[in-house]
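Asks: The primary structure of each chain is shown beneath.
Number of protein chains: 4
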Amino acid sequence: MRHRMDDQDTLTALKRRVIEFRDARAWGPFHTPKNLAMALAIEAGELQELFLWKEDSEILTSLQNDPFGIRVREEMADILIFLLYLAQAADVDLSEAVKAKLIKNQAKYPVSKSFGSSKKYNELD
Amino acid sequence: MRHRMDDQDTLTALKRRVIEFRDARAWGPFHTPKNLAMALAIEAGELQELFLWKEDSEILTSLQNDPFGIRVREEMADILIFLLYLAQAADVDLSEAVKAKLIKNQAKYPVSKSFGSSKKYNELD
Amino acid sequence: MRHRMDDQDTLTALKRRVIEFRDARAWGPFHTPKNLAMALAIEAGELQELFLWKEDSEILTSLQNDPFGIRVREEMADILIFLLYLAQAADVDLSEAVKAKLIKNQAKYPVSKSFGSSKKYNELD
Amino acid sequence: MRHRMDDQDTLTALKRRVIEFRDARAWGPFHTPKNLAMALAIEAGELQELFLWKEDSEILTSLQNDPFGIRVREEMADILIFLLYLAQAADVDLSEAVKAKLIKNQAKYPVSKSFGSSKKYNELD
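Chains as they are written, first to last, in the numbering used here: chain Z, 2 to 126; chain X, 2 to 126; chain U, 2 to 126; chain E, 2 to 126.
Hints are computed from structural coordinates only; laboratory data are not their basis. The reader is advised that the hints may include incorrect statements.
Put simply, identical chains are the same to the list, so a pair is met inside one copy or across any two.
[As the list claims (entries may be wrong)] Once the Cα atoms are required to be at most 30 Å apart in a straight line, the calculated DSSO-like pairs of lysine-lysine come out as:
| no. | residue 1 | residue 2 |
| --- | --- | --- |
| 1 | Lys109 | Lys55 |
| 2 | Lys100 | Lys114 |
| 3 | Lys55 | Lys114 |
| 4 | Lys100 | Lys121 |
| 5 | Lys55 | Lys105 |
Taking the hints into account, I'd like the entire structure generated from these sequences.
Replies: Following this line, the structure appears as structure tokens:
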């Protein structure tokens, strides 16, 4: 019996996998931070293209079916893969970065002022 | 003594944290897949802006110093945060998505053809 | 009396203006096609940010008032400015490019099949 | 004899053409500012993809040959087409917007401080 442990993967374990994939192909030299940021933006554009012109309700229904669901998952995977490559290139611990950002956001978006509001922090009264 | 366990965080643990942050502010209703994909693209643009006009060597040096290093880590964090929100909204297991994509990429980019090459799979001879 | 001729400007006249602005600052060497494409994507992200989380009806109302209207016009201007810089760097006649693309789109999206439909050409029955 | 007048086209004339193309297909209702900004970002991503991983020198050489040159022109055309659609949806005069932005940029980037520098205005000494 195969033990399902996917969602217990750490970012470190995932990063190791993608770096292994990359190094087997000797792609490291292409992976400058600038190229990787560009790749991230390109993938974010491809993800957006799947949702363009569509209503929210239509998207939610489509997500439950393949091939649409698969395409969305693939674009999301591409974004995470390039983010992991960039974490390697820029020597960033992503978990730590997220936690540090949440602490900062907590100050920018105090619950009392931002509850139920989509305003940017500099527009909160 | 606080045990440092950041890089051992699973994506599930990180996702739980950002969803908690969000739900405390009742931002869930804004988090449609379309809005979140848009947010991802915006953050990818902000990350790119940090590298625009700069040479690779200049970027690598700057990354080792703050405030530049902090700003890069914050933009990378924002990308992962929105990706986790989208994973929640679209019911996607990111680890599984990455592994499935790597398997697909393995077929698209066989080592023998893609070694040391930056060509797209449909341009490999 | 100053004759209002703004909307009669040709792309060539506009391009001459932005190139003049640039050359006065000796920015030409930074304007590689790759950097300019990156700049375009960054500006497109900034434009998107103005609309993020907002409903269509709210956006249409806000557009009629400043400062929101001004910010949108400024981001749109930035996109056109960088597109003109790229047209210069890549030696592209934008008018001709648009007309050639419309002819191609006419074949990809025949009226009979695409009327009232937001489907991509490869999804039209 | 067909008179070549491409580069003498005004933005107004180009806009009229793309709106005509659109209205023949009854696509107007899809053209909310939010969808159009999204489309712009997607096209900017596709443009970037043509340059990703490539060196500047390689790009400049490739631009002189088709099919690469055609693909770049098509992506640039798509960006201008969606910008014209957005100009229509948001009632923006693009020429005027560019000129207003150049005036603003003149104040943000005085020649004396920005000559030969790629720094952002808020980083100029």
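Asks: How would you label the pair Lys55, Lys105 (within, between, both, or neither) given a Cα cut-off of 30 Å?
Replies: Answer is between: at 24 Å across copies they meet the 30 Å cutoff, but 34 Å inside does not.
Asks: Checking Lys100 and Lys114: alpha-carbon separation at most 30 Å within a copy, between copies, both or neither?
Replies: within (21 Å within a copy, 39 Å between copies)
Asks: For Lys100 and Lys121, with the copy left unspecified, which applies at a CA distance of at most 30 Å: within, between, both, or neither?
Replies: Classified as both; 20 Å inside a copy, 29 Å across copies.
Asks: For Lys109 vs Lys55, is the C-alpha pair at or below 30 Å within one copy, between two copies, both, or neither?
Replies: Between copies, since 20 Å is at most 30 Å while 32 Å is not.
Asks: With 30 Å as the alpha-carbon cut-off, assign the pair Lys55 and Lys114 to within, between, both or neither.
Replies: between (32 Å within a copy, 18 Å between copies)
When each numbered hint is compared with the structure, no violation occurs for any of them.
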